[in-house]
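Protein chains: 2
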Amino acid sequence: MTYDYLQLSKTNGQPLYLQLYEQLKNAAQRGSLRPGQKLPSIRRLSEDLGLSRTTIESAYQQLCVEGYIEARPQRGYFVLTGGGKRSTRPPATVQPILQKLPRYNFGTDAVDSSCADLKSWRRHIREVLNRPQALVSYGEHQGELPLREALCDYSYGARGVICSADQIVIGAGTQPLLYVLCGLMQGKIGAVAIEEPGFPQAEQIFADCGIEVLRLPGDRSGMQPESLRQSGARVAYVTPSSREGNGSPIPLLRRQELLNWAAETGSLLIEDDYNGELRYRARPIPAMQGMAADSSVVYLGSFSKLLLPSVRVGYMVLPQRLLPLYLARAPHYNQTASKVEQLALADYVKSGQLERQLRRLRKVYAQKSSALMHLLQNAFGKYAQLRLQETPLCITIRFQNSPSPARLAELAAAHDVRVRPGPNGQVTLGFAGIPLEDIAPGVQALQAAWKLPEFCVSG
Amino acid sequence: MTYDYLQLSKTNGQPLYLQLYEQLKNAAQRGSLRPGQKLPSIRRLSEDLGLSRTTIESAYQQLCVEGYIEARPQRGYFVLTGGGKRSTRPPATVQPILQKLPRYNFGTDAVDSSCADLKSWRRHIREVLNRPQALVSYGEHQGELPLREALCDYSYGARGVICSADQIVIGAGTQPLLYVLCGLMQGKIGAVAIEEPGFPQAEQIFADCGIEVLRLPGDRSGMQPESLRQSGARVAYVTPSSREGNGSPIPLLRRQELLNWAAETGSLLIEDDYNGELRYRARPIPAMQGMAADSSVVYLGSFSKLLLPSVRVGYMVLPQRLLPLYLARAPHYNQTASKVEQLALADYVKSGQLERQLRRLRKVYAQKSSALMHLLQNAFGKYAQLRLQETPLCITIRFQNSPSPARLAELAAAHDVRVRPGPNGQVTLGFAGIPLEDIAPGVQALQAAWKLPEFCVSG
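Just so you know, the sequences run in chain order Z and U. With my numbering applied, the first sequence has no gaps in its numbers, which climb one by one up to 459 at the end. With my numbering applied, the second sequence has no gaps in its numbers, which climb one by one up to 459 at the end.
Among the hints, a few may not be true.
Which copy is meant is left open, so a pair is good if it fits within one copy or across any two.
Unchecked claim - BS3-like cross-link-like pairs, simulated, lysine-lysine; straight-line CA separation at most 25 Å:
no. : residue 1 : residue 2
1   : LYS119    : LYS382
2   : LYS25     : LYS350
3   : LYS38     : LYS350
4   : LYS38     : LYS119
5   : LYS363    : LYS10
6   : LYS363    : LYS119
7   : LYS363    : LYS350
8   : LYS451    : LYS188
9   : LYS451    : LYS10
10  : LYS25     : LYS119
11  : LYS25     : LYS10
12  : LYS350    : LYS119
13  : LYS350    : LYS188
14  : LYS119    : LYS451
15  : LYS25     : LYS451
16  : LYS25     : LYS363
Treat the hints as calculated values from the structure; they're not laboratory data. Quick caveat: nothing in here was measured; it's all calculated off a predicted structure.
Using the sequences and the hints, build the whole thing.
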């Protein structure tokens with residue numbers, strides 16, 4: 001530990017050794033110095049502080065006498081007890097995402113490491129680490145050009161997004177990009193419309209930027225242009241591929257209607273294409289961005305489930321009409337995504353590995369989703385409604401008559417199975433993270449946890 | 001390239017091969033398919049689209065006949081010409097930070113690779129890459145716990161910051177953290193006060209969040225509590241260690257006065273401690289956060305100049321009174337900093353390497369700043385005012401009588417020297433990025449570029 005916090009004054013009249021003694025004593029009492037911690041040697045501290053060794057020695061001596069520190073022969077000085085702790089509050093912190101991993105993890109926040117392309121990802125990262133010039137300089141504000149070029153081709157091929165590299169802005173996931181977008185819209189829009197039941201991760205950003213969110217009820221096909229018109233909103237946030245709490249994507253016809261609304265009213269559609277490429281039961285529907293003839297769609301893409309959840313890189317495709325505004329402001333935004341990860345991703349995309357990984361994952365997820373659906377149908381089909389949420393990579397289960405989702409999750413946890421309680425009496429089982437061979441025993445454990453049919457009758 | 005954007009309908013009455021032909025033709029005309037690009041093989045596309053090989057072959061045949069693509073024997077089909085380009089606009093993009101590196105780079109946006117601790121940083125990254133479990137899962141919302149614990153000790157030792165790990169929030173630099181902070185303050189504050197000439201990177205974030213910024217003139221010691229009181233602001237943004245356009249940090253007495261203002265008025269001080277530890281001429285002044293008895297300071301720390309500019313990891317220490325509010329909202333914020341870089345940094349800090357690097361850099365910067373100041377004094381001292389900006393790691397030079405800073409930078413560029421034009425007739429020479437041995441020839445080149453004294457007299 002450095003000791004830069006020590007501030008001694010040669011002019012305040014108090015002997016230096018006494019000032020040093022008091023500051024170290026306070027640090028020990030406050031808990032900033034912890035029991036067992038080693039103090040710097042007398043020589044090192046005298047050099048660092050520009051004081052004589054005698055001064056340091058006198059202070060240490062006094063602290064030894066009073067029992068704050070002790071000298072251990074050949075080893076140096078150590079803090080004994082502070083008589084206090086750094087913090088007397090209970091450790092209040094956000095619930096860690098993964099505290100202890102259960103045996104069968106149907107959570108939605110990880111990917112199966114056997115399906116992850118760890119080996120080639122590591123190779124690309126290592127390769128970038130060998131470019132000193134890239135490491136010792138800041139990144140481009142807008143994101144590294146090789147990555148923007150690679151994403152330009154990839155997003156066209158995989159999603160039908162039509163853009164040039166200068167329309168692409170990179171960021172550490174969707175949220176930092178939304179902040180930038182909110183900045184571009186600041187003061188120019190009223191509220192942002194979003195389909196019920198909403199999407200907290202996006203709504204949080206709008207709220208932070210002081211932008212009102214209007215939750216509009218949708219029908220089977222999604223948000224309705226008519227209710228958008230009535231709401232007066234000039235911006236709509238849509239997730240056409242992955243609708244929360246509703247398995248089906250927005251169909252082509254509704255997409256066109258929404259685009260018409262945007263064109264007619266001069267409004268903006270924010271298309272969050274989370275996992276849009278991860279479809280495996282039918283061919284994916286291309287992004288709305290590519291269907292829009294005009295400048296009315298902002299496209300948001302990300303890779304967490306496609307590549308690795310730990311890699312925080314997302315991208316935003318700005319329509320032409322927002323570009324001049326963005327370019328004027330870009331120099332004031334520091335890039336948030338890791339430069340090394342950006343350059344590694346550029347190589348990974350350009351070499352075609354992302355597309356190979358996408359093909360591989362589609363097969364894996366088709367297999368896993370069928371297996372899980374089949375097993376759940378057999379186990380709970382009589383008493384429950386099951387629904388595959390294709391792009392969110394999960395199956396939701398709703399019993400006709402049962403305790404709350406939270407209680408179901410608790411019962412599962414007691415049998416070492418992790419499921420996620422959801423809204424509307426639903427429980428969510430993700431299949432991206434669990435290995436294929438664990439799905440059958442996992443469902444068996446669930447059956448034991450949710451002893452049926454008694455459970456449903458008595459519940 | 002995947003071809004997921006192709007959407008063929010078996011029910012719309014148009015032959016499939018014709019639909020395919022038209023969609024590929026459009027892509028080529030629009031420039032989405034580029035000259036020289038390889039098309040997927042007939043076999044691959046027929047599998048992907050679930051169509052017969054004959055269908056694909058007919059479409060390709062037609063495209064060949066019309067000159068959009070050509071068949072190269074043994075190699076496959078390639079796009080010939082689209083008759084168009086992807087984009088006809090000139091490539092409008094943000095000015096790249098480093099276009100061509102000049103021979104003598106006195107820019108402020110890089111560090112000298114000979115001083116960077118690349119070797120051990122690479123080692124730590126590689127070590128983290130070998131932990132599959134860390135890679136395949138999302139990170140903690142608040143930031144990885146090992147890093148928060150390490151920063152808790154480091155920030156106390158190096159800056160006198162007093163906190164526990166649960167008060168620390170990690171983010172991809174200062175800006176994403178400021179967004180989160182603005183969210184916490186949303187609706188509860190009027191304006192944020194900031195000392196003239198302001199700080200665009202922070203002001204941009206406040207503006208995005210719809211928070212007004214009041215620029216207050218400061219005196220030699222910084223912002224004055226009296227003008228803060230008069231402004232009615234309840235939040236002040238200060239950079240006590242690194243004042244833009246003013247070499248000197250806020251002295252202890254003024255810091256105490258600002259803390260008194262915050263305590264008396266219940267206001268908040270945002271302490272941006274950019275490069276606070278990088279002092280080498282005298283011992284650093286500890287952070288205000290540690291001087292505050294109450295809960296009135298939010299501390300912001302970062303590492304770009306200390307570690308590597310390419311690594312985007314910063315941290316924010318929240319005061320107790322903001323913690324409950326943050327914890328309630330934390331689950332809605334995805335972490336922005338790279339998980340791998342966070343874990344590598346945790347190891348780097350815990351092993352004491354960051355502190356060793358800090359000691360090393362202080363010596364290097366002391367040496368470089370003295371050398372540069374000495375040489376500039378000899379070269380331009382008679383006609384110019386020179387000022388060392390210690391923590392921003394640069395020297396500003398202002399001639400008594402000369403062309404604009406932009407013109408000075410141009411003249412320097414013509415001699416292969418990069419300097420940064422600044423406000424108030426100043427030119428900035430950074431010394432973090434230039435190797436020590438290049439400083440003398442660099443100043444010589446500047447002398448040739450700014451032929452003095454004729455220049456000053458005629459300017």
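Could you figure out if LYS363 and LYS350 sit no more than 25 Å apart (CA to CA) within one copy, between two copies, both or neither?
Within one copy only: 22 Å inside, 42 Å across.
Can you give me the call for LYS350 and LYS188, within, between, both or neither, at a CA distance of at most 25 Å?
Neither: 38 Å inside a chain and 47 Å across chains, both beyond 25 Å.
Could you figure out if LYS38 and LYS119 sit no more than 25 Å apart (CA to CA) within one copy, between two copies, both or neither?
So LYS38 and LYS119 fail the 25 Å test inside a copy (40 Å) and across (27 Å) alike.
Evaluate LYS451 and LYS10 at a C-alpha cut-off of 25 Å and name the case that applies: within, between, both or neither.
neither (76 Å within a copy, 46 Å between copies)
Should LYS25 paired with LYS119 be assigned to within, between, both, or neither, using CA atoms and 25 Å as the limit?
This pair counts as neither: shortest intra-copy Cα distance 51 Å, inter-copy 38 Å.
Intra- versus inter-subunit Cα pairing at 25 Å for LYS363 with LYS119
The answer is within: 19 Å in one copy meets 25 Å, while 40 Å across copies does not.
At most 25 Å between C-alpha atoms: does LYS25 with LYS451 qualify within a copy, between copies, both, or neither?
neither (60 Å within a copy, 59 Å between copies)
Between copies, within a copy, both or neither: which fits LYS451 and LYS188 at Cα up to 25 Å?
neither (56 Å within a copy, 50 Å between copies)
Intra/inter-copy verdict for LYS38 and LYS350 if alpha-carbon distance must be at most 25 Å
between (50 Å within a copy, 14 Å between copies)
First find the shortest C-alpha distance between LYS119 and LYS382 inside one copy, then the shortest across copies, and answer within, between, both or neither for a cut-off of 25 Å.
Answer is neither: 43 Å inside a copy and 61 Å across each miss the 25 Å cutoff.
With 25 Å as the alpha-carbon cut-off, assign the pair LYS25 and LYS350 to within, between, both or neither.
between (59 Å within a copy, 24 Å between copies)
Are the CA atoms of LYS119 and LYS451 at most 25 Å apart within a copy, between copies, both, or neither?
Classified as neither: same-chain Cα gap 42 Å, cross-chain 57 Å, threshold 25 Å.
Checked against the numbered hints above, the structure violates hints 1, 4, 8, 9, 10, 13, 14, 15, 16; every other hint is satisfied.
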